[in-house]
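Residue numbers (our numbering), protein chains in the order written: chain C, 7 to 90; chain H, 41 to 466.
No lab work stands behind these hints, which were simulated from the structure alone.
If you're wondering where the values come from, they're calculated on a predicted model, not measured in any experiment.
Among the clues, some could well be false.
Below 20 Å or equal to it, Euclidean Cα-Cα: the simulated PhoX-like pairs (lysine-lysine) are [claimed, not checked]:
id, chain 1, residue 1, chain 2, residue 2
1, C, Lys11, H, Lys354
2, H, Lys155, C, Lys76
3, H, Lys354, H, Lys230
4, C, Lys32, C, Lys76
5, C, Lys76, C, Lys39
6, H, Lys332, H, Lys423
So the chains spell out like this:
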Amino acid sequence: MFDIKPIFDWARENGEVKAVDRILVKVMLLLIKNKITLTAATIERMETRMSLPEELISAIVRAAAEVVGKPVPESLLAREPSNV
Amino acid sequence: MFDFADFGYDFATNRLVVGGEPMVLHCHHYNCFLQRSIQDAEYIDSAPILVGAAAEVVFAQLTNLLARTPDVAARKALVESLYRACGLGLIDLSAVTDRGGQVRTRSTHYSIGWKEKFGTSRAPVAFFSTGFLAGALAAIYGLPLSGIEARQTACRSTGADEDVFVLGRGPANFTIFPPRQNAVLIPVGKDAEPSTSVDRAAITRAVAEMPLPVNSEGLIPAFGVYVTRIYANYYNRISYAFEQEMTALAGREGVEVAASLFIEAGHVCAFFTLGGIMVSPEWDALTLPMLKTREDWFHGITAWWNACGYGVAKVLDVSPTGATVRIYNDYESVGYRRMYGTADHGICYLVTGGWAGVMNLIYLGDIHRKPDLTPEFYDRLFKGGRAFQGRMTACQAMGDPYTEIRAELAEPGAGERRLEGARASA
């Protein structure tokens, strides 16, 4: 399963103050479509990996790169082997 | 020629009303940040909102201001000088007729400010000026706003040599908002405030009457920023129309995300505009001699804040760990109620972020040492765990007799970060 939290952490570290909120605004439509509630607070407290649809992951990665102004590091995009 | 000095600042309410429209001071950092926050939601067609909001207030104001000026050339001259006095840049309306026309300029606040703050843009950004021109065309020729088309076809923010605006007749290609109710102001209370050596009333009076020099480009470079004096109800309309769109899409969650960014816009305003004031020669001349403590700095900047057209702010308490500010007739509340009636949640985002930002500058940012107000310093001050958080403890738009902001120092535990928010519901 892809771990989305490091993407938000990277954006928070490398982007502006409200980078996470800007990402959430950008992907809000997909969050609604997939009936997923994600806020800066829930991301902050996220301890377990959250299963997200592929299109949402792609949108978050794209939005993070846009907000920070540089591509998301490859190391954060690597996926763990999975038999699912 | 238009001159703000012809319209008296109302020191009883700390408002400057011109042609029925309250005018407030902000800077290019706030203006561009707020606009970008709205445009981030690409699934919302925000351009008609941004243009329509400007057209709404400009049309209303000019319909008043031009009522006793029948001559078209004189009307155009007044509009051009108003635009310049606001710090919006330069416009030449000589090629505009009652059918529309083209306006070309090398100086537009939003185009220049955007490029300076965010770098080159992918698309034109001067929605405010587009709406201004739409409202102006309608008012100059006595046309219905709903019959005006306006668009920007070139923008300096994209790397173009000039901005080009095209005006024409046809169904409006921007939002026509429902008429607003009359403004309802609440009497200012007699609140006890802590003693200070700062003569706030004298500072407010001096600052409100201080001319803002406009340069040859029609811009107002002051306090390290480009200042504008524009319409309170432009900011209100774009913020609350956007919030409504987000609510329709995502309910409470949409409001909270929007609120977070609007509060951040308040931090941006505090840091760049109010911070810029506190390191300026004007501050040193007018205010610094009265300041002995950091609490005095808070009173000092409150005096300046009261000269910006934002309403009457009173300091109920201030200490190194927190402050309570009570505001009568804050422009967000007054405007919200004119547009949407009584709010069911706190909507005073600018003041929530703004006063927390001021506390950050004074108590954590050592503004008295005159630091450079760089984006890096901003990040250090607002991104860290230890910072002041603002929250609305009362909101005039919700029916309270005033708006009140409590800014408190938050010390997050290990691994936690600062999460700032507004009062969510009644």
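So, going through the hints one by one against the coordinates:
Simply put, lysine 11 of chain C and lysine 354 of chain H have alpha-carbon atoms about 42 Å apart, too far for the 20 Å limit, and the pair is violated. Restraint check: the Cα-Cα separation between lysine 155 of chain H and lysine 76 of chain C comes to about 18 Å, which is no more than 20 Å; the hinted pair holds. Straight-line distance between C-alpha atoms of lysine 354 of chain H and lysine 230 of chain H comes to about 10 Å, which keeps the hinted pair within the 20 Å bound. For the hint pairing lysine 32 of chain C with lysine 76 of chain C, the CA-to-CA distance comes to about 16 Å; that is within 20 Å, so the pair holds.
Proposed proximity of lysine 76 of chain C and lysine 39 of chain C is contradicted: the alpha carbons are some 27 Å apart, above 20 Å. A distance of roughly 29 Å separates the Cα atoms of lysine 332 of chain H and lysine 423 of chain H; the hinted pair therefore is violated under the 20 Å criterion.
Figure legend: structure checked against the earlier numbered hints; hints not met, in rising order: 1, 5, 6.
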